[in-house]
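Read off the chains here:
Number of protein chains: 4
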Amino acid sequence: MPRMTASLPYDPQRLAVCADEIIVNVRELAARGWTPATSSNFSRRMDPSHIAITVSGRDKGRLVADDIMVVDLEGQPVATSQKSSAETLLHSQLYARFDDVGCVLHTHSLNQTVASRLYARRGSIRLEGYELLKAFIGNSTHDMAIDLPVLPNSQDMPELAAQVEALLDAGPLWGYLIEGHGLYAWGRDMPEARRHLEAFEFLLACELEMRRQGASISST
Amino acid sequence: MPRMTASLPYDPQRLAVCADEIIVNVRELAARGWTPATSSNFSRRMDPSHIAITVSGRDKGRLVADDIMVVDLEGQPVATSQKSSAETLLHSQLYARFDDVGCVLHTHSLNQTVASRLYARRGSIRLEGYELLKAFIGNSTHDMAIDLPVLPNSQDMPELAAQVEALLDAGPLWGYLIEGHGLYAWGRDMPEARRHLEAFEFLLACELEMRRQGASISST
Amino acid sequence: MPRMTASLPYDPQRLAVCADEIIVNVRELAARGWTPATSSNFSRRMDPSHIAITVSGRDKGRLVADDIMVVDLEGQPVATSQKSSAETLLHSQLYARFDDVGCVLHTHSLNQTVASRLYARRGSIRLEGYELLKAFIGNSTHDMAIDLPVLPNSQDMPELAAQVEALLDAGPLWGYLIEGHGLYAWGRDMPEARRHLEAFEFLLACELEMRRQGASISST
Amino acid sequence: MPRMTASLPYDPQRLAVCADEIIVNVRELAARGWTPATSSNFSRRMDPSHIAITVSGRDKGRLVADDIMVVDLEGQPVATSQKSSAETLLHSQLYARFDDVGCVLHTHSLNQTVASRLYARRGSIRLEGYELLKAFIGNSTHDMAIDLPVLPNSQDMPELAAQVEALLDAGPLWGYLIEGHGLYAWGRDMPEARRHLEAFEFLLACELEMRRQGASISST
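These protein sequence lines are chains A, B, C and D, in that order. For the first sequence, the positions run 1 to 220 when the UniProt record's numbering is used. For the second sequence, the positions run 1 to 220 when the UniProt record's numbering is used. For the third sequence, the positions run 1 to 220 when the UniProt record's numbering is used. For the fourth sequence, the positions run 1 to 220 when the UniProt record's numbering is used.
Pulled out of the complex, with its shape left as it was, chain A reads as follows (with noise of 0.2 angstroms):
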């Protein structure tokens, strides 16, 4: 066993650290519903040249270490006959792009499946008034405003990857939505993905709650 382990191109105590930090933290995710039917995915950088992430098809809820497997910065897998999600690329772009992300979280909420699909046409969803804006790293204040990217849905991920690099383009970004589909967030490690996912959420399903009420200021 230790010759194998040797031979491998990245660390195996490192891929074990970064597989309990998604396996922790998915459950936590699982448990809220924003993981429905095996669906949604997760990484987190290892080194410079790759990537833990989950495997194809399992139950969010139910995580264990063979449940993560390691992809390069193109987003094939490395030493593994693991199949990783077809949406892979999304996350590999991301890390192959800027040095200092660290974790890509994809979920799919009730929220952000149903905001996706009212601001589609729109293209974006602007978040407004919220002390909540101060959780996305840079801001102090709530007296701004962030326009959340609505993506129309694809399974052609190449297509998809080249309008998130448009997006990348145009500004800081840190997070966007594709729609009838859910939400990408980033950050340099998990608690500060994780930040900007549950702020994203939270301010989502305030959205929606203002719109039920007749008030909302993002109207479509």
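Hints are supplied without guarantee of correctness; some may be wrong.
Chain copies aren't distinguished; within one or between two, either way the pair holds.
[Said to hold, decoys possible] Computed list of lysine to any residue pairs in SDA-like fashion (alpha-carbon distance at most 20 angstroms, straight line):
#	residue 1	residue 2
1	Lys-134	Asp-147
2	Lys-134	Gly-61
3	Lys-83	Pro-158
4	Lys-83	Arg-58
5	Lys-83	Arg-62
6	Lys-83	Gly-138
7	Lys-83	Pro-191
8	Lys-134	Met-190
9	Lys-134	Pro-149
10	Lys-134	Leu-89
11	Lys-83	Asp-156
12	Lys-134	Pro-152
13	Lys-134	Ser-154
14	Lys-83	Thr-141
15	Lys-83	Leu-8
16	Lys-134	Ala-30
Hints listed in this document are in silico derivations from the structure and should not be mistaken for laboratory results.
Given chain A, work out where chains B, C and D should sit, using these hints.
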């Protein structure tokens, strides 16, 4: 005791395994509020001619081994004086018709109950444009539609079963609603049946929220 | 200590069993948010003339044995200096009137509170066409209707109790609402009282959602 | 170590007790989703001149002893290099003004956030006719009304604190909202502060649902 076991028409070890799987999964579903007031029932195929199924009237959040009994493909109790649900026939007809059905889950969530009433007159709910449609076995894209049937409620099980047979004749199906009552979903094994159940529940919750937002595609 | 116990007018072992049953069940109800801000109260018949009931003002999510006391059928404390809720009379009147009432549960959920206000002027809520109506003892079909009474709120307990007596004179009843306040439900034992409570809560939640969807049968 | 402890201006045993109380209670509030994205802050009086308070930016669902620090009645850190929230002044002003305030809880739930925006222009929310109004210390009937103030949000804490002082001058108060931000509630000890917090949260949830049902008393 060995003599009694030897005379059973099924493998008691297999029953223990199936009962355990039902107990673990149903307790999780109960914790989400999908089985209010001892409602709902759940089954798992043991072998070609026997089904493990929940005993009638038990609290689904507290299931133990004694709450699981055996019925045959006609829904008749096997080697027990326990009583299964009045709706046992709706389980056994699926196992009898399809060799590859391994698990049937019937729940009573608020979303299922309300959606079934809102769409009863129309007879079905169109689910369209959601990434989560990929959760249904055989689907690989969001770019399709599923019509989830809604049957009128009845306490006459042979009559209800005959309506289900007609639905099954009409084409492939992953589940159906009964008006004011709840959802039936199934699959080849417990994880697949549960994935289908979770997907239907999530998509019905999305449709109800889209309606509250004045933006449902599938309006009554 | 044996002498003190010997002088008690009730069986302390029976109190321990009833207290345990109350604690386990009420903690579960509290976890669902049905007992906000130390509200709600719960009781269980110990013998023909004694009732175990929660002490006033305790956090229902953290109940321990010391939070359960004994009252008689007039609602007076027995062999204790603890104080039960101001609403104790609404419990004891049910035990005094019906020999087969074994458990009374009073909760303050959001659905109960809001529904009680929406239907206060009408005086009752019609629950009709739901499979879950079968959860009420004596019902075997969804094809019937229940009118859940809504009483005006009052801090005058004898006055409230007199209104309840009039309701009980009028016919069989499984529970009632008090305006802006909450629900009383009961049964022959804890599982039955809890099944009735869960059924009312679920059906009120369905009715509120039907109203939000513009489709309530029982409109104000 | 004894020498270091001896030189502290507060009793470290008392800090340990207060920290424990904060940790247990705040984890429960976090589990309800009232502290999204590391928001919210919580404090407990240790003695006449010291306050235990949560360190800025910590995940409230995972609080440990190291996440609790000490400040004085001006909100300045005592014997620590840790940093408390920018809003520490809103805690310390309550302890400085009222000798009998023992606990201050500040949360960011969805209901608090949305209600604060809907009623910001009006400046307060009238809570009336609910039994749960009895949860506020000093109230013994549902037959009264509370006006929960809503202050404009600001990152200028002395300015916000001055507005709160004006509110406190005007009469007895159990809490206030800040627009797009959240709720402050307090009490003589943790159980009382928590009871007030839970009562406000519940009553705001009821008011939002009454509005969705087209039946709010306190419309904008």
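Verification of the supplied hints:
Taking the shortest Cα distances, Lys-134 and Asp-147 sit within 20 angstroms of each other inside one copy (14 angstroms), while across copies they are farther apart (29 angstroms). Proximity of Lys-134 to Gly-61 under the C-alpha cut-off of 20 angstroms is restricted to the inter-copy arrangement: shortest distance 19 angstroms between copies versus 29 angstroms within a copy. Taking the shortest Cα distances, Lys-83 and Pro-158 sit within 20 angstroms of each other inside one copy (18 angstroms), while across copies they are farther apart (45 angstroms). When the C-alpha separation of Lys-83 and Arg-58 is checked against a cutoff of 20 angstroms, the pair qualifies only within one copy, where the shortest distance is 11 angstroms, while the shortest distance between copies is 35 angstroms.
Proximity of Lys-83 to Arg-62 under the C-alpha cut-off of 20 angstroms is restricted to the intra-copy arrangement: shortest distance 18 angstroms within a copy versus 33 angstroms between copies. In this homomeric assembly, Lys-83 and Gly-138 come within 20 angstroms of each other (Cα to Cα) only across copies, at 18 angstroms, whereas the closest approach inside a single copy is 36 angstroms. In this assembly of identical chains, Lys-83 and Pro-191 lie within 20 angstroms of each other by CA distance solely across copies; the values are 18 angstroms between and 26 angstroms within a copy. In the homo-oligomer, the alpha carbons of Lys-134 and Met-190 lie at most 20 angstroms apart inside one protomer (18 angstroms), although the nearest pairing across protomers, at 28 angstroms, exceeds that limit.
Taking CA atoms no more than 20 angstroms apart as the test, Lys-134 paired with Pro-149 passes inside one copy only; the shortest distance there is 19 angstroms, against 23 angstroms between copies. For the identical chains of this complex, Lys-134 and Leu-89 are inter-copy neighbours only, at 18 angstroms across copies versus 29 angstroms inside a copy, given an alpha-carbon limit of 20 angstroms. Proximity of Lys-83 and Asp-156 under a CA criterion of 20 angstroms is satisfied intra-copy only: 17 angstroms inside one chain copy versus 47 angstroms between copies. When the C-alpha separation of Lys-134 and Pro-152 is checked against a cutoff of 20 angstroms, the pair qualifies only between copies, where the shortest distance is 16 angstroms, while the shortest distance within a copy is 28 angstroms.
Only between protomers do Lys-134 and Ser-154 lie at most 20 angstroms apart by alpha-carbon distance; the minimum there is 12 angstroms, versus 32 angstroms within a single protomer. Taking the closest pair of Cα atoms, Lys-83 and Thr-141 come within 20 angstroms of each other only across two copies (18 angstroms); inside a single copy the shortest separation is 42 angstroms, beyond that limit. Taking the shortest Cα distances, Lys-83 and Leu-8 sit within 20 angstroms of each other inside one copy (18 angstroms), while across copies they are farther apart (43 angstroms). In the homo-oligomer, the alpha carbons of Lys-134 and Ala-30 lie at most 20 angstroms apart only across protomers (18 angstroms), although the nearest pairing inside one protomer, at 25 angstroms, exceeds that limit.
Of the hints listed earlier, there is not a single one the structure fails to meet.
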